[in-house]
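Start from chain L and add chain B according to the hints.
Those protein sequences? They're chains L and B, same order as listed.
Residue numbers for the first sequence follow our numbering, so the first one is 148 and each next one is one higher.
Residue numbers for the second sequence follow our numbering, so the first one is 148 and each next one is one higher.
Any given hint might turn out to be false.
As the list claims (entries may be wrong) - Output of the computed footprint for chain L on chain B, the stretches with three or more beta carbons under 8 Å from beta carbons of chain L: (1) 155-164; (2) 197-209; (3) 244-251; (4) 257-265; (5) 298-307.
Said to hold, decoys possible - Derived DSS-like pairs (lysine-lysine); straight-line CA-CA distance at most 25 Å: (6) LYS182/L <-> LYS238/L; (7) LYS171/B <-> LYS238/L; (8) LYS218/B <-> LYS179/L.
Said to hold, decoys possible - Cβ-to-Cβ under 7 Å is the rule here; a few derived chain L residues that face chain B: (9) ALA221; (10) GLY225; (11) ALA249; (12) ALA253; (13) ALA299.
For the record, the hints were derived by calculation from the structure and aren't laboratory data.
In this text, all values refer to a predicted model and were calculated from it rather than measured experimentally.
Cβ atoms here follow ideal geometry from the backbone N, Cα and C, with glycine treated the same way.
There are 2 protein chains.
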Amino acid sequence: MAKEPKTLDELFHDTLKDIYFAEKKILATLPKMAKAAQSEELKAAFEKHRTETEGQIERLEKVFEQKPQGKTCAAINGITEEGAEIMEEYKGSPALDAGLLAAAQAVEHYEISRYGTLIAWAEELGLDDAVSLLEETLEEEEATDEALTEIAKTAINQEAQAA
Amino acid sequence: MAKEPKTLDELFHDTLKDIYFAEKKILATLPKMAKAAQSEELKAAFEKHRTETEGQIERLEKVFEQKPQGKTCAAINGITEEGAEIMEEYKGSPALDAGLLAAAQAVEHYEISRYGTLIAWAEELGLDDAVSLLEETLEEEEATDEALTEIAKTAINQEAQAA
Chain L
148 MAKEPKTLDE
158 LFHDTLKDIY
168 FAEKKILATL
178 PKMAKAAQSE
188 ELKAAFEKHR
198 TETEGQIERL
208 EKVFEQKPQG
218 KTCAAINGIT
228 EEGAEIMEEY
238 KGSPALDAGL
248 LAAAQAVEHY
258 EISRYGTLIA
268 WAEELGLDDA
278 VSLLEETLEE
288 EEATDEALTE
298 IAKTAINQEA
308 QAA
Chain B
148 MAKEPKTLDE
158 LFHDTLKDIY
168 FAEKKILATL
178 PKMAKAAQSE
188 ELKAAFEKHR
198 TETEGQIERL
208 EKVFEQKPQG
218 KTCAAINGIT
228 EEGAEIMEEY
238 KGSPALDAGL
248 LAAAQAVEHY
258 EISRYGTLIA
268 WAEELGLDDA
278 VSLLEETLEE
288 EEATDEALTE
298 IAKTAINQEA
308 QAA
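Bound conformation, chain L alone:
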């Protein structure tokens, strides 16, 4: 059976479902990472981002015109699986926090890429409200990534190395 050719509008909504699934997965993962982190600063960063993620999910729910739906996002499953491996393999090790932090940055970069794409498509589709909501989230993700880089530079990597 021939399928209907899919439009940018459908691609936008498919990708919205993908990031909605991803955000929910991240919401469930951050408390585990906060619990595993050894440094108080990194714990606090993960907890702060967990709260932000709740707001990001609410924003996505506003972008959906109908009932929000998720769609299994193979990418976030794979990226968070790497974080879980770090928690397991580096438990009790001086390099644990450096590994957790890097895993969190891989998650942030996936989101930065996805939100950047969604904003471009929402602009093309003339969805102005969606553009504003998605931009708000993109800014938070970029700020989180920068904050993690700062923590990495000032503390975590040196600790991992000095131990």
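Only chain B this time, still in chain L's reference frame:
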């Protein structure tokens, strides 16, 4: 059996294996994406990046002090699986190229995050040659991401929308 605490040096090498696996996967995936792409500009961008990826793999081989090894990278498997879904679900659709391009940018962002982390750790470990090699690749990945954004802005998204 208690495991030995793992150091930053081990984390660096584990992550090097992870990105080595990822680059090889990307090398195998890019020709499929180039074949699937409808626009000549996007095809050319994927083919160019395929050649660059060969050089990036050679650089990683120089960074390994011993025989290069890969380690299954769940993240890249997940990210490339999403690209494969786009090729399947959007085949013959006007939005195909926009979807392929977005999938490629998700790959680039994963790599940007990983190389950024590896450079920070190599600096911490005093591995100057590794820093230079990894920085060269990071610059290429960032340039690829920017080139893809330009193609998206100037052509692909409009085509997907106009169709």
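Just pull the numbers of the violated hints for me, sorted ascending. 2 and 7
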